[in-house]
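A.B. asks: Chains E, Y and V, in that order, are what the protein sequence lines are. For the first sequence, the working numbering assigns the number 1 to the initial residue and increments by one for each residue that follows. For the second sequence, the working numbering assigns the number 1 to the initial residue and increments by one for each residue that follows. For the third sequence, the working numbering assigns the number 1 to the initial residue and increments by one for each residue that follows.
It is worth saying that the hints were derived from the structure and are not from the lab. A few of these clues could be false.
[As the list claims (entries may be wrong)] With a straight-line cut-off of 25 Å between C-alpha atoms, the simulated DSS-like cross-links for lysine-lysine are:
no.	chain 1	residue 1	chain 2	residue 2
1	E	K122	Y	K314
2	V	K156	V	K169
3	E	K157	V	K603
4	V	K368	E	K46
5	Y	K88	E	K122
6	V	K603	E	K46
[Said to hold, decoys possible] A short list of chain V residues far from chain E (calculated; beta carbon distances all over 12 Å):
no.	residue
7	E150
8	K233
9	E313
10	E325
11	S509
In this text, a Cβ means the ideal position worked out from N, Cα and C, and glycines have one as well.
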Amino acid sequence: MKKYILQRVVISLVTVWLIATCSFFLIHALPGDPFSTERIMSVETKEKMLAYYGLDRPILEQYGTFMKNLLHGDFGYSLKNPGQSVNGIIAEKFPVSAMLGIMSWLVSLPLGLLFGILAARKHGTAVDYGLVAFSVLGVSVPVFIVASLFQYLFAIKLGWFPVSRWRGWSYTVLPVLTLSFGSIAGRTRSMRTLMFEVMSEDYVKTAKAKGLSAREIVWRHQIRNAIIPMIPTMGMEIVGILMGSFVVENIFSIPGIGAYFVTSVQSLDYSMTLGLTVFLGIFVVVANFLVDLIYGLVDPRIRVAK
Amino acid sequence: MMSDKKGHLLEVENLAVSFDTYAGEVQAVRGVGFHLDEGETLAIVGESGSGKSVSMKMVMQLLDMPPARLKSGSVRYKGEEMTTKSDKEMEKYRGREFSMIFQDSMTGLNPTMRIGRQLCEGIIKHQKVSRAQAEKTAIEMLTQVGLPNPAAIYKRYPHTLSGGQRQRVMIAMAISCNPSILFADEPTTALDVTMQAQILKLMRDLQKKTGTAIILVTHDLGVVASMADRISVMYAGQIIEAGTAQQVFYNPSHPYTWGLLGAMPNMIQEVKEELYSIPGTPPDLFAPPRGCAFAARCEYCLEACLKEEPGYYKCSDGHVSKCWLMDERASEVKPPEGVYTRPRKEASV
Amino acid sequence: MKKKLISMILAASMSASLLAGCSTFESDNSSSKTKTTKASTEAAEDDTETSAAKETEAADAKESASENETADAAGETKDTAKAETEEAETKTEAEGSEATGSGSFVWACPSLIGMNPVKSNSNNDYDVYYLTQAGLVRPTEDGYEPDLAERWEISKDKLTYTFYLRDSKWSDGEPVKADDFVYAFSQYLDPELAWINQSYLTYIEGAQAYASGEGKWEDVAVKAKDDKTLEIKVTNPGTDLLTVLAFITPYPLRQDKMEEYGDAYGSSVDKSLYSGPYTCTEWILDSKYVLTKNDTYWDAKDNWQIQTIEGMEIADDGTKVAMFENGEIDAIYTIGGQYVDQMTEDGAAVTPFSSNGIEAMYFNENTKNEAAKEVLSNADFRKALSYALNREGIAQAVNPLFHGYNRITTEVYTDGNGKKVTDEYPVECAPLAGDEEKAKEYLDKALKALGYADASELPDMTLMSYERDDHKLMGEMMVDAWKSILGITSIKYEQYPINTAIGNFYALSFDMFVIGTEGGVFPYSNAMNFKTGGDLNPGYWSNEKYDSLIAKISESTDAKEQNDILNQAEQLILDEGIYCPLYMQGQATVAQDYVENFSVAKKGYGYFFKDLKVNK
């Protein structure tokens, strides 16, 4: 087991290094520079700014500096917001997105599973068709429509919840609902399908032959086996969720990190982009590792070590 | 049909089950009847698609009823009508009065649950005992089915056992609540010959000890020979011959049975000789033929066979055959040579 | 057993992280909160904070529209009443009555990027500095007024300006000294540091040399005569230094603090110093900032009545409108054109205004597209394209707040007699609705001169611009106009992310480029950009006559003369057609009906809140 963990750690480090390197060269390959903005300045001024940030040095030298700082965990300062350290921005904004994400996950996971089980149990009835329709709708409707709709309906028209910002628990309701809407729908669909697959397995027949009731069969035998295939996907799901939904944060004015993923690339804020990418990369790597471990724990047929 | 004055343990009469599919109705079972008494073993023999599994599962109501449909017939257990019972009511019988072992033990056991837990489930549900008590019973069951080190097996997962061990576990699960009837659906088909013999011996020993009646569904005549007291041969959803093992083996009275017996490989036969097989294929169950279902493949087919279904003709006491050849008006027909010269397996191994 | 343990651990960590997550809520999350010494400001803040906190605690799902409603809820009356009385007491102590008006103003505004005036690249930041900083003079709607400079003297030869500073303090209690201005100018002119308005300071003697790296700081004529006296010399007696200072607002800077914090100066509330009517007491990056009144500011007693200004950075226009209609915010700094009608109908005070910037198309005579070089260098071809456009139509289609525009000088400039420069000095240019006939005439001339029989033979050319809401439609409409009116099918529109596009502009990798530029300090500021080597001219055009005209303006000392020459220069450009103005962007501010005197700068920078009142 120890050997396995060691292997994984080494592979993870190499992966993160690869991510950092590829991102570095990719973003520097984009034409333009961080200071070519709508605010026109003279060419000399622009060149002065580039020199100030060391962006006029040869690319390999910049890469060396980047790698050296990376080893210290220092992502430098944002080019767009002078004086703000990338680490500082991430440390301030990420917890907000994480919280939004975790809450959505906590809502969507059980609900999605439950709906999927319900749909499978009540196969062929109105309940099943209704849930299937809901899941198709939920997966197809874009997030910004759901967000605007919820905001308009529950905050503006009915006034039950605040319109935007992130100032307390009541502010979390609409954004969480919006984010989980799509997840619930998708998960309902997968769980339903998995339950069907499991339903036709022989051990379900055995269980029935033993005289177990339908409910006992579902809860003790089916769910456990249906959930297992979902675990690997949960790893990437968590990453997506924790990184914040740009759209939801945008519409509800939530001070999370989602926006920065988009704006940092658009404005060619090299340090911010690279900081975010490496941060995200580390997350993905760690999440996948944990998921693999959990998968091995849950499914006795798969043992990670040996 | 077969009926005695004295009530049988299990009586199935005129059972007809169809499946409603998108392509139409599949008449899987078309008027099947058999009975079972305490302590005896009935073998239902037939090729794939003959309807033997469906008949057996219908007794326990293990079929998914939306596609499957009971068209007619009755199933009486200890005198009580079973077909009218709801799913909930059947739960009391399943695992307690009836139990079933399946062909594929790998998929028949839940791969993510420990053996012990799967065993205890049924015990706890039906006997309403504590976990600890159930564990004791379970381990005892494992010993009874001949598994070495049962306490260790109790903690293991199915995929860590061999095929034979798993089948023993299935048997242990089946007998844990001391059922009256054990339904065995091709229990040895997935095993090699040595394992097969052991499992069959185990089943016989258990039967001797507990007096459980067994219904054994199989296509392997060798298995039948070593286990069965009585045999019912099924073809295309119907029973075409039924009798004691002696009667059916030594005095087969239906061309299909002749074909089955003739198709058994012969240890003595010359290597160069081709294996005999019945020509043709079973009929389409969407539209079963008007006359005898076997007529199209039968060497001895008469005009009447194509026009009308034969009834059950008595060959001797307790031995019937559904064939026009048994009618006194038909000319005497001798079964082909090989049928009688097959070496007979001993009744016990 | 193991599984139970694992699920328990998972559940525990989930709940723990959620509880920890509470701390991400805005009212508590303020890494940059500083304690202010003023009791009144604290009380005012407590008022807002307590209400918000009580709201969260009570888990009240209903968002109350104003603080008053919260105060009415049982159990809170006591606390807020206490805070209110505290506030009232200190208020009556400090100044006269403030019977009308609430102490706070909450509005939706652009993001604050940084609070370092030297490093900041954003006009929006400078709008905020207008409130938190104070310079020599303070811009107003019509001109300027004295700020930290109580009075000034201009020498007879108009070359020396002497400013006499009044007594004033920085937010940390230190007095503002003339040295602070000198230090500031050294930073603004620093050749390494590229301050955004550096080019305007070159009117100062020695500044040009120093900023280009050739001169010495000692030779720059910005000197502190004593702690309260600042002397600046200019090179040209025709320069109106005060107007320049009012436009570019070079705020004073504290050397000790800037050196102490280095790059981090201005990155958070406590790493900045303030000299103006407000101090920044809270700032959550890209989320919101809170300005609190600085009662030691010299003008604090009679003006700047609002106690707390909270600027909320709301990304989505729809959300802004929703919050406004909900009564959660008092004003909005610019909403999109699509909301103007809706909000006007709802009764909000919508004030459209044109920014001082012109969106225009530039032709590149030195394009890398060899086949098109000759065509693009033909003035008649360029004018054909210009006259074919219905500017007003395109502008309105793209955004109802935009208006077509067809010249270089904008309408905010007045000459010495208060008359609009544009009125006094007309030019001949394409009419706003376009002129199809003239356009076709120009095209025929061009085709003949270039040797093409027909417009369809023209080489492929690209109209380029950067990603922005209005550009896609604008580009398509322009290409369409040229196709249908002139029969030119070989032009297509391409759009790139802004940094890429602008990079192409500087690299001269374009045939035609649309970009917006803001108006400068003087009417002729824009015109300066087109000279060879000018800020806006990376090399797409060069014209000796034009350069000589521009040189004459710089040397001139008379406003009338300057405007005359400007008129010639403007006409030259329009005749050459190298620069084709399209439209002026418009925006609209919105304010609730209980808000009085809400005004923002139309040119230059600033939120003019000196007389702002909120009557709730």
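A.B. asks: It remains to establish, for every hint, whether it holds in the given structure.
C.D. replies: Results of checking the hints against the structure:
| no. | hint | verdict |
| --- | --- | --- |
| 1 | K122/E x K314/Y | violated, 49 Å |
| 2 | K156/V x K169/V | violated, 32 Å |
| 3 | K157/E x K603/V | violated, 39 Å |
| 4 | K368/V x K46/E | holds, 22 Å |
| 5 | K88/Y x K122/E | holds, 17 Å |
| 6 | K603/V x K46/E | holds, 24 Å |
| 7 | E150 | holds, 33 Å |
| 8 | K233 | holds, 24 Å |
| 9 | E313 | violated, 8 Å |
| 10 | E325 | violated, 7 Å |
| 11 | S509 | violated, 9 Å |
Hints 1, 2, 3, 9, 10 and 11 from the earlier list are contradicted by this structure; the remaining hints agree with it.
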